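A.B. asks: Just so you know, the sequence shown maps onto residues -21 to -1, 1 to 311 in mature numbering (1 follows the signal peptide of the UniProt record, and there is no 0).
Derived by calculation from the structure, the hints in this document are not laboratory data. In this text the structure is predicted, and so the values were computed from the model without any measurement. Here a beta-carbon is modelled for each residue, glycine too, at the ideal position from N, C-alpha and C. Any given hint could be a false lead.
What the hints assert, rightly or not - Straight-line C-alpha distance at most 25 Å; calculated PhoX-like pairs for lysine-lysine:
no.: 1; residue 1: 104; residue 2: 84
no.: 2; residue 1: 296; residue 2: 139
no.: 3; residue 1: 169; residue 2: 190
no.: 4; residue 1: 47; residue 2: 32
no.: 5; residue 1: 47; residue 2: 139
no.: 6; residue 1: 32; residue 2: 146
no.: 7; residue 1: 204; residue 2: 244
no.: 8; residue 1: 63; residue 2: 47
no.: 9; residue 1: 99; residue 2: 139
no.: 10; residue 1: 172; residue 2: 146
Stated by the list, open to error - Using C-beta positions, here's what the derived DEER-type ranges look like:
no.: 11; residue 1: 13; residue 2: 169; range: 20 to 30 Å
no.: 12; residue 1: 119; residue 2: 241; range: 32 to 42 Å
no.: 13; residue 1: 296; residue 2: 151; range: 41 to 51 Å
no.: 14; residue 1: 275; residue 2: 56; range: 45 to 55 Å
no.: 15; residue 1: 15; residue 2: 56; range: 40 to 50 Å
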Amino acid sequence: MKIAKKVMALALSATLLLSLASCELITKTEEGKMKEAVAKVNGHTITRGEFLKRFETEKARMENLYGKDFFEKKENEAYVNQIKNNLIDNMINEVLLVKRAEELKVVPDEKTLQDEINKKIEEGKKSLGGEDKFNETLKNLKITLEDYKGYLRSGIIIDKLYDHIAKDVKVTDDDIKKYYNENIYDYTEKPNKMNVSHILVKTEEEAKKVKAELDAGAKFEDLAKKYSQDPGSKDKGGNLGDIYYNDKNYDKDFMTNAIALPEGKISAPVKTQFGYHIIKINKKEEYKQLPLEQVKAEIEKKLLDDKKAQAFQDELKKLKDKAKIKIYEERL
């Protein structure tokens, strides 16, 4: 009997030890998960913990905009996955750019970095209405002050790299003149606009048939309802509403022909990527073009900003093309 009790006690002890070991294993596993790589960039590991910090902040931001259940809705699943992919891509970019800044020796010294971080924090407090509001915002976005300082630090370093890469970018007078001539409708006293109707059909033969009926006296609105393949305008007699001359959302050939057409006139068939259009201009409002000298500084700034951004993107692309990058998508 005593032997049986002893065996039982040993068994209970073993069970307890296994139970404790199991708890320890669970704890280590959870901690270990946070240290797992979600991506590796030239030997640098981005951990799951680092990724989740950023993701939780983005999640909080989106939930503030679209509601607490945004991430749980099935219809948002693809969008949530896109958020995750964009987030890890941004983190990879950050690693590459900070490393490049170190290689080019454009990282400020520690005192300068701290001064700039503190300055940005003070600016943040001021813009949000004080320290309490600032801290509340960090809390709502699930960011610790230390993490926020880390994000600012990377941002400042990347800004210095941007300035270094873009320092030699220039815009010539020829660049400015070319842009002005190609975008004349961006530089008028008031925005030029026209009220446009159209009938869209699939073939040139159909378009010629519609035009013949119009020439014979048929009403444009009636033919649009009868023939047009554009579901957004056919029930409105083909009316597209007011279109600004510099609207880039419309087909270029469509816009060129519409702008050239006088008010009240109907076009011959116009071919675009969507088919053949018969265009009618119901009304136009046109204004005088501003002289180049008046808008030169504005155009120069735009072109300079665009060229700087392109130079930076080109540098980033080169870095990514050369880098060894591995993403563990199943861990995101």
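A.B. asks: Mind listing which of the numbered hints don't hold for this structure, in increasing order?
C.D. replies: As far as the earlier hints go, 1, 3, 5, 6, 10, 11, 12, 13 and 15 are violated by this structure, in ascending order.
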